[in-house]
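Asks: Chain residues, written in single-letter form:
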Amino acid sequence: MTRSSIYHPNRRKFLAGIGASGATVLGAPNVARAQDNEIPIGVLLPFTGSQGAYGPDMRKAAEITTKMIADAGGILGGRKFKLFFEDDESTPTAGLAATKKLLEINKCQAVIGIWGSPIAMAIKNVLIQANACMMVSGAANAITDGDTKGLVWRYQAKATDWGPAMAQAMISRKWKTISILAQQNAFVIPMIEPAKKEFEKAGVKVLDTVVYNPDQPSYRAEVQRIFGGSPAPEAVMSLGLLTDFVSIVREVVRNDYKSKIMALSIMADAEGKFIQSVGADVAEGIEHFQPSPPLGSPNYARFQKLMGADANALFLFAGNTHDQICTLALAMEKTKSTDPLVYTKVIRELCNGPGQKVDDVVEALKLVRAGTKIDFVGAGSDCDFDERGDQLNRHYGHFRIEKGKQVLVQIIKGV
Amino acid sequence: MIAQVVLNGFVTGMIIALPAIALTLTYGILKFPNFAIGAMLTVGAYFAYIANAWLHLPLVWAAVLAAVALAITSVGVDRLVFQPLRERTAITLLVASMGVSFVLENVARFVLGNSARSFEVAIARPQRYFELRVNMEQIYTAATALSAMLAIYIILRHTALGRAMRAVSDNPALAAVRGIDRERIARWMWVIAGVLTAIAGVLAGLDRAIDPLLGWNYVVTVFAAAILGGLGNPFGAVLGALTLGVVEETSTLLIPPNYRQVVSFCAIAFLLLARPQGLLGSVRVKR
Amino acid sequence: MTPPLPVLSTAGVAAGYGAGDIIRDITIDVTPGEVFTVIGPNGSGKSTLIKVLAGLVRTRVGEIRLGAIRLTHLSAPQRVSTGVAYVPQEFNVFPNMTIGENLKVSTEFLGREQQATLEQRERVLAMFPEVAKRLKLRAGLLSGGQRQMLAFACAMMAAPKVLLLDEPSAGLSPKLVGEIFDKIETLNASGLTVFIIEQNVKEALRIGDRVMVLVNGSIRLMATPGEITAKHDLHKLFLG
Amino acid sequence: MTAYLVTILTLVCIAIILGLSLNLQWGLCGMVNFGMAGFFALGAYSAALVALSGAGTLAATVTAATICALASAATALISLRLSDEYLAILTLGFGEVIRLVILSEEWLTGGSLGLPGIPRPFWGLVSEKDYELLFLGLLILVVLGLFIALEILVRSPFGRAIRAVREDDIVVATLGKNVTALRVKAFAVGGAIIGIAGAFHAFYLTYIDPSQFSAIITAYTFMAVIAGGRGSNKGLLLGAAVIMCLIEGSRFLKDVVQVLDATQLAAIRLILIGLGLILFLIYRPQGFAREYSLKGSKLISPRT
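As they're listed, the protein sequences go chains W, Y, S and L. Quick note on the numbering used here: the first sequence kicks off at 1 and runs consecutively. Quick note on the numbering used here: the second sequence kicks off at 1 and runs consecutively. Quick note on the numbering used here: the third sequence kicks off at 1 and runs consecutively. Quick note on the numbering used here: the fourth sequence kicks off at 1 and runs consecutively.
Be aware that one or more of the hints could be misleading.
[What the hints assert, rightly or not] Covered stretches of chain Y, going by a simulated chain L footprint (3 or more residues, C-beta under 8 Å): (1) 94-101; (2) 106-114; (3) 222-228; (4) 252-264; (5) 268-275.
[What the hints assert, rightly or not] Taking lysine to aspartate or glutamate pairs in the EDC-like style, the calculated list, with each CA pair at most 20 Å apart, reads: (6) W:405 / Y:120; (7) L:129 / W:339; (8) W:149 / W:339; (9) W:196 / L:106; (10) S:104 / Y:170; (11) S:161 / S:113; (12) S:104 / Y:181; (13) L:129 / W:147; (14) W:60 / L:261; (15) W:197 / W:234; (16) S:104 / S:130.
Just so you know, the hints here were simulated from the structure itself, not pulled from any lab data. Ideal Cβ positions, reconstructed from N, Cα and C, are used throughout, including at glycine.
Chain W on its own, in the form it takes in the complex:
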C-alpha cells in the first residue's frame, strides 16, 4: 500500500489496507500448501515463552517418524505426511491463531503435539467444530470434555490419574511426612488434591502446601517455608517446570536442607536439560516421576537411537509425538481415508487390541495392509485409550538421579 494511505487514511483506504494485508497473508501460503500426494498434518508446539524448552524435541520426533514412514513407502499407496509446525508461544491466543492458520491455510485436518493444557483448552472447540483430529500431550482433565465426535485424543496421563500415582510412588518410599511445593500452572494444580487424598489413605502426613507463581525472581521464601519448616518434611513433592525447579534445587542445596525431593521428570530430567544445568552432584539423589515410555521396549530403544540419544535418555513428550504420527498413519491406512471422522473411529481398535502386539510403525503398517488385527504399542506409552480418548493403563516411571544418570527405581502401574 502507498505511504500516503498510512498517514492520511480514510475508511476506503483502510479497508483496502486490510484487503492488501489479507492478500499478503493469503498469497504466501501457496508455496507452502501440501501437494496432492501429501497429507497435511499440523504440529502445534511451544517454542517460545515459559514452555519453550519442550518444543524442539517433539518437533524432531515428528520429523523423524514422518520420514521413517515415508521411507517405508508411505501410506494409502505412496502418500506422505507433510508437517506444518506452528509456535503457540505458550499462550492460547497465539495457539488459536496458529490453529486457524493450520486448518484454513495449510488445510490440515489433524493438529497434533499441543503441549500446554491452556492452549488445548482454547483450540479444542475450533478443532472439533472443524471436524479435525486433535492429539494432545496436555494433562488437564477438562481437555477431553465435551468431545462428542471422538476427535480428541490424549497421549498423556490426565492430571487426576497422575497425582495419585505419584503419591503411591512416594508412599512406597516409606516417607512419613511430606510437603508439597507446586507452581501455579494448569497441569500440576489438578494433581494436588487427588495426591493428598492418596497420602491420607496411606496415613502419610502432608505438613504444608505452597503454590508459587511462575517467573518469580527468586523462590527463596517458598523453599524456606517448605524445606526449612520445623519439623522439616522427610520428602517434598515438587511440581513445576524446569526453570523454577533449577532455582529451587540450587536454593535447597545451598541451604543444605535435608528433605528428599520427588519431582516431575519434566523438571528433574527435562530430556537431560536439568542435569546439564545444575551439574551431577547437585542433582544427586533427586527422584522424579512421570508417565513413562515403555522403558526397555525395543521400540523405545529404537526411538532413542532415532533421536540420536544414548540408551539412558528419557524422552517424555517426543515419544508421544512419535506415537501420534504413528496412530494417524495406521488409522488412515486401516480406513483408507484421510477424513478424521472416519479414521479416528478405528484408533482405539488399533491401539487397544486385541491383536498382534507390534511396536514398530513400519511393521504395523504392513500388518494392517495384510488385514491382521494389531495392538500398537508406542514409544511414549502403550497407547491404550478409553472411550473419552484419555489414556488407559498408563505406566509411570519412578527414577532417581545417580552420578548424573537416570536410574529406574520402579514402574508404577496407573489406572
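Put chains Y, S and L on the given structure of chain W with help from the hints.
Replies: Using the frame of chain W, we list chains Y, S and L on its own:
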C-alpha cells in the same frame, strides 16, 4: 527464622540494588526510566555464561568480561537508539527502551534458546552461625554488591566524572554552561550502568537459573526500588532496594508467598501518595 | 580613530521555541571592556536572547561570533571553553555540592591544563573572599546574595572573555543589589566584558556603558545611558 | 481460507479497540499506560465472570467497562501529582498485581486453569459455521462506534482540553485544578475501552487463562499506536491492522524458511517487533511533532 528471612531479604536487596543504581543514574543524566534494564541484566548474565561455560573461564573473569561486553553494548544501544531521541519526551524514550528490551531479550533467546542454564560453579554448602544459615554465595553476593556500591560512591563523591554526573543530573542546563558536555557524561554513565547491570546479572544467574526471562522478572522490583529511593538518587536506590528486599521476604511470614511481588507495588503506590519525592529524592511533583 | 573590534557580536539573529520566533533580527556589537546592558518589559525576549548567546537555545537565523570565532553552531559547553561564561538568573549553583565542588566542576571539563586551572582558581578565590572563606559548605545553604557571588565565581573559573549575566539583581534586597553591581564593576574594571540582562532599569542605566532596549523580541533602541535619560521617556519605549 | 481471514480480522479489531484506548490515554492525554495487559485481563475476567453467572453478555461488557474505568481512575489518581514516568511504572505494577490476583485467586478466576465455556453474544442466532462472521460483524460495529465516539470526543472541549494537558505545562498551570480531573477522566474512559476489548476477547476465545494476558500485548498496542501515528485514530485503524497482519504474516515465514529452528524464528519475530517500535519512533514520529516544542523549555527548567 525471622533473622534468616531478613538476612535473605538483605541479600536479595543487594542484587536488586545494582540495577536500581544503574536505572537511577540513567534517569538522572538522561531523564528517562530505562525499561530495558531487565533485558540488559539478562544479556549481562548470558555474556558471563558464554565466557564461563563455553570459554571455561572462572566465573570472576567471566563476570569481568561480561561487564566490559555489556558496557560496550549499552554505549552502542545509546548511540543507535536513545541519542537520536535525546530531545524527545521521557515517555518517548521510555517506549523506545521497551523496544530495546524486546530486541536484547530475543537476541539472547535466538543465540542460546529458552532452556534454563547455570554457571559452571559448584554450589557451596552453607556455614551455620547459631540458627543462621549463611552460604558462601550469599557472602560473595553481598561482598560483590557492596564493593560495587562503594566504587560508585567513590566515583560520585570524589572524582571529576562523579561531580559532573551529579551536576548534569541536578541541572543539565547549568552543567552545560559550566562547560560539561552531557553527551560525554552520558557515555560514561552507560559504561557504569552496563558494568553494574552485568554484575547484577551474574549474581542473579548465580542465585537462580539463567533464562531469557531472568531480567524481566526483576524489572518491577528494580523500578520500585529506584522510585522508592527517589528516581535520580543512587543512594536512595540502594536504600530502596534493601528495604524492598527485606520487606518482600519478611512479608512472606504474614501473606502467602506468591503475593510478595505485590508488596513492592503497594510500597511504591503508598510512597508516591505520601512522599512523591521518594525516601531521599528531590521533589518530582509535576502539578 | 576606528572603533575597537567587537568581542561579542551577533548579526540578524532570530530564535525561539516551537512555532514562531521570540527574538528577531538581533544585531549587536559588544566592544571589549564595556558593560552592555539590555532592558525591556517582561516577555520582550531578554532571557531568550541571553540563552541564545550562551548556546542553550538554538540560533535559527543569523550569526554569533566571539572575536573571530563563529559560535553559532557551537554547543553551550564549547562556548564556555572559547570564553563565554553565563550566569543564569536562578538555579545558578549546584545546591547539593559544596562550594569547593561547585568551583571544581566549573573547570574540570574545559580541557585546560592543570597549572592554568590552579592559577585561575587562586585568582577567583582572591576576587571572591566571601566564597573562599567556606569551601566545605553546601551551596544549598547559601543566602541569595552569596549564591549569586558563588555563581559569578564559578563563571569566572572559566577565565571568560565575556560574562553573560541574566538579571543578577533579581529577588535581592536593595543592599545586596548594590553589592552585586559593585562586584560587577570591579570585574569589569579588571578588563572583563560584561553583558547584562536587567529588570532594574535604574541600576542598568547606572552601570551600563551602552544600553539596549528590547521590545517584543526586536531592538527598539541602542544608546548610552546619558542619551536615553536625556532624550527618551522609558515608559513610551517599553510600551513599544 | 475465509475463516482464517475472519480470525485475523477479529484479532485486528480487538487490537484496534486496545489501540483506541491507548491513543486516548497516551496519544491524546500523554498518560502512558504500561499495564495495558493487566487492565485487558481485568476486563476479560470481569466480563467472563458476569457472563458465566448468566447475566448476559451485554451486562458483562458493561461491567467490564465500568470496573476497568474505576481501576484506571484509581491508578491515575495515585500518580496525579507526579510526572508521567511514574504513571508508567504504576500502571506496569498494577498490571502485575492483576496478573498475580488472577493467578492466585482460584476460587474466583480458576487460577491457571482459567475459565472455560464463556457464553458468546447472539450465540445460536446463526449456524456455528457462520457465527464467527456474525461475531466479526458485531465487533466491527463496536469498533466503528468507538471510533466515531472518540473522534467526536477529540473535537469536543473536553478533547481539546486533554490535548492541551499533553502539550503544554503552562496551559496546565492556567487551567489549574480541573486539569487533574481531566486526566483522571481521560484515563478512566481509556480504561473503559480496554474493558470492552477484554470482554470481546473473552467472548471470542470462550476460554481465558492468565497466559493470554502477557506483557507482549502492551508492546503490540504501543506498536499499533506509534505505527498509526500517535494521537490519530484514523492512523491507528491502519496501524493496528498492519501490525497484526505482520505478526500473523510472520507465521508464514516458517513454512518458507527452513534453516532456522522455530525458537529462533519466534525470537526473530519479536526482535523485528522491537526494531519496528524503535525505527518508527526515530524515523516516523508523526504525531510527535508537538513534542519538539518542549525541547527548549525542557532544557532550561531544571525540573525536567
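Asks: Each of the hints needs a verdict: does it hold here or not?
Replies: Hints, one by one, checked against the model:
Counting residues of the segment 94-101 of chain Y whose beta carbon lies closer than 8 Å to any beta carbon of chain L gives 7, which reaches the threshold of three, so the coverage claim holds. Coverage of the segment 106-114 of chain Y by chain L holds. Counting CB-CB distances below 8 Å, 6 residues qualify, and the rule asks for three or more. Evaluation of the coverage hint for the segment 222-228 of chain Y: fulfilled, as 3 residues show C-beta separations to chain L shorter than 8 Å, against a requirement of three. A stretch counts as covered by a chain when three or more of its residues have a beta carbon under 8 Å from one of that chain; for the segment 252-264 of chain Y and chain L the count is 6, and the coverage holds.
Look at the segment 268-275 of chain Y against chain L: 4 of its residues bring a Cβ nearer than 8 Å to a Cβ of that chain, three or more, so the hint holds. Simply put, residue 405 of chain W and residue 120 of chain Y have alpha-carbon atoms about 18 Å apart, close enough for the 20 Å limit, and the pair holds. For a cut-off of 20 Å, the pair hint linking residue 129 of chain L to residue 339 of chain W stands: about 19 Å separates their Cα positions. With a C-alpha separation of about 13 Å, the suggested pairing of residue 149 of chain W with residue 339 of chain W holds against the 20 Å cut-off.
Proposed proximity of residue 196 of chain W and residue 106 of chain L is supported: the alpha carbons are some 18 Å apart, at most 20 Å. A C-alpha spacing of about 16 Å is found between residue 104 of chain S and residue 170 of chain Y, which places the hinted pair at or below 20 Å, so the restraint holds. Among the hinted pairs, residue 161 of chain S with residue 113 of chain S is consistent with the structure: their alpha-carbon atoms are about 18 Å apart, no more than 20 Å. With a CA separation close to 15 Å, the supplied pair residue 104 of chain S and residue 181 of chain Y stays within the 20 Å bound.
Under the criterion of a C-alpha separation no larger than 20 Å, the hint pairing residue 129 of chain L with residue 147 of chain W is consistent with the structure, at around 17 Å. Taken as a hint, the residue 60 of chain W and residue 261 of chain L pair is honoured in the structure, with Cα atoms around 10 Å apart against an allowance of 20 Å. For the hint linking residue 197 of chain W to residue 234 of chain W, the alpha-carbon distance of about 18 Å falls within 20 Å, and the restraint holds. Distance hint between residue 104 of chain S and residue 130 of chain S is fulfilled; the C-alpha atoms sit about 17 Å from each other, no more than 20 Å.
Checked against the numbered hints given earlier, the structure satisfies every one of them.
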